[in-house]
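Full structure from sequences and hints, please.
Line by line, the protein sequences are chains A and B.
Position one of the first sequence corresponds to residue 1 (the working numbering), numbered consecutively onward.
Position one of the second sequence corresponds to residue 1 (the working numbering), numbered consecutively onward.
Since the hints were made in silico from the structure, they are not lab data.
Hints may be right or wrong, so weigh each one.
In silico lysine to any residue, SDA-like type, Cα no more than 20 Å apart, as pairs [claimed, not checked]: (1) 67/B with 6/A; (2) 67/B with 238/A; (3) 150/B with 279/A; (4) 211/A with 260/A; (5) 260/A with 293/A; (6) 218/A with 194/A; (7) 150/B with 196/A; (8) 164/A with 52/A; (9) 227/A with 52/A; (10) 10/B with 76/B; (11) 218/A with 239/A; (12) 67/B with 43/A; (13) 150/B with 164/A; (14) 164/A with 197/A; (15) 150/B with 88/A; (16) 67/B with 239/A; (17) 179/B with 162/B; (18) 67/B with 55/A; (19) 227/A with 39/B; (20) 150/B with 197/A; (21) 150/B with 55/A; (22) 150/B with 199/A; (23) 150/B with 7/A; (24) 218/A with 196/A; (25) 164/A with 200/A; (26) 260/A with 296/A; (27) 150/B with 239/A; (28) 164/A with 30/A; (29) 96/B with 157/B.
Some but not every residue of chain A turned toward chain B, in silico, with C-beta under 8 Å [claimed, not checked]: (30) 7; (31) 13; (32) 16; (33) 36; (34) 39; (35) 45; (36) 46; (37) 47; (38) 48; (39) 104; (40) 105.
Glycine is no exception: its CB is placed at the ideal position from the N, C-alpha and C atoms.
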Amino acid sequence: MYEELRSTTVHTPITLSEYGQIANRFPDALNWAGGTYLMSRPNFYPMDSNIEIIDLSGIEELQRITRTDRYIEIGSMVTAAQLLDTGRQILPPVLLGALTSIGSTIVRRQITVGGSLCIPDIRLSIPTALAVLDAMAEVRIYLANGKNVTRWIPVSRLYDKDGKFVPFEGKFLLTHIRIGLQYGAYQRFLITGNPMREGNFSVIIAFQAEKTAVALGKVQLCVTFPKKGFFISKEIIGQLSGINLPIAPKTIWTITGNLKGELRKTYPSLSSLQQERALRRFASILYDLNTLYLQS
Amino acid sequence: MNLDCTIDGKGLSLSVNSNKPLLLILTEDVGIKSLNSNCHGTHCGNCLVLVNDVVVLSCLMPAFRLKDATIQTFEGFSKTRQCRDIERAYQVSGNKPCPNCYASKTLLIESILQSLTGEHHAGREITMPGRIHNQIVGDTKQLDEDSITKELALNTCQCMDTGELLQIVEIALSYRRRKNVRRA
Chain A
1 MYEELRSTTV HTPITLSEYG QIANRFPDAL NWAGGTYLMS RPNFYPMDSN
51 IEIIDLSGIE ELQRITRTDR YIEIGSMVTA AQLLDTGRQI LPPVLLGALT
101 SIGSTIVRRQ ITVGGSLCIP DIRLSIPTAL AVLDAMAEVR IYLANGKNVT
151 RWIPVSRLYD KDGKFVPFEG KFLLTHIRIG LQYGAYQRFL ITGNPMREGN
201 FSVIIAFQAE KTAVALGKVQ LCVTFPKKGF FISKEIIGQL SGINLPIAPK
251 TIWTITGNLK GELRKTYPSL SSLQQERALR RFASILYDLN TLYLQS
Chain B
1 MNLDCTIDGK GLSLSVNSNK PLLLILTEDV GIKSLNSNCH GTHCGNCLVL
51 VNDVVVLSCL MPAFRLKDAT IQTFEGFSKT RQCRDIERAY QVSGNKPCPN
101 CYASKTLLIE SILQSLTGEH HAGREITMPG RIHNQIVGDT KQLDEDSITK
151 ELALNTCQCM DTGELLQIVE IALSYRRRKN VRRA
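This is the structure we're talking about:
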């Protein structure tokens, strides 16, 4: 059917320096991690034959998981299945929740951590979990003059409020993700609907907080609407920080109301179903915190 | 690009575009009939095949990651002993998938059985196409209903309910374990 098409050139570097040389020669080449997002685009095949592909699966450095006393460093080509198999004992619960929420092992074997962070227009489970964990992403930027610079950027700053990936100047490669091991005891990851199949109705919420005496500290909250937004509200986080446990039902009602106002202001086109799902899930996290506190 | 691979036991050399999905290679270039996916990559689960003995969604597997791969479609898998375990489970339970999803649900059940029996760990090492390290697949050794239900949800065809499918997995698992014990 497509016999007359010229076959796309695929480059397969095995080291990062080899990748750098290819990236400098072909700045418009497409980085290929797991391919689950790229291949799920309706116009993926046949693709413009002038596009070059750089297959990252041969770079061993990107497939390592390293743990030190202070942090876990995950190579961007580590798959969700590998991370679950090798890191179940060391990973924070919120990230484990995000990984297991990716329905099937068959898909998990193919999704890579770096690939899921670099999707341009849809935000899924892994970026939401990494954002509340204050994870940092190592990004190598290959400049037009042939030089490259390395930057560590918080995962939460990789996206704008609409969940779109903020582009870098020049060709870039996300190489590692670093997660600190000083995370809070209260962690929740909730997902409603299937973000791939029903992106306009699904909601993802990740939450973490630390318990200091009887109050909450170091609160982090991220609400994701896969096709519409990546919402981190400093105001809501501020209201929850330092709050005494158990939280009174009236206070939960007030904070949920404030979240509703913020969501309406930031995303006027958000569907009422998505909004309601986000609010109910958020309230359930706060009630859950009360239960945990009263049980302890 | 020239793609040398084995499909259902036959060694083939195909001339295909490097980014052509395996699904299209199998349906257009090889003429496999059991694949009927039309989801454009939204994971409908109707295009499952075995690549190097690992179940994958063929719509998400590009040609350039298939060099020297051993591909088994349902046509090839249906002639194996493993498939007989699952078909016997269909007979015993009195339920079987509709013709549209029969092939993919059977391969999906096979994938669950592989991870439950740990066949990959004991028998041979598996390598996902295009990856350096061998991967340990599946962490479920127990018949954990929740995780199996999640796995089964990959196929979106509504012809059977989860309870029926779980029963089939349970019966097929007992056949498979009995067979493995006999072999040992």
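#### Entry: Violated hints - listed by number, lowest first
2, 3, 4, 5, 6, 8, 9, 12, 13, 16, 17, 21, 23, 24, 26, 27, 31, 32, 38
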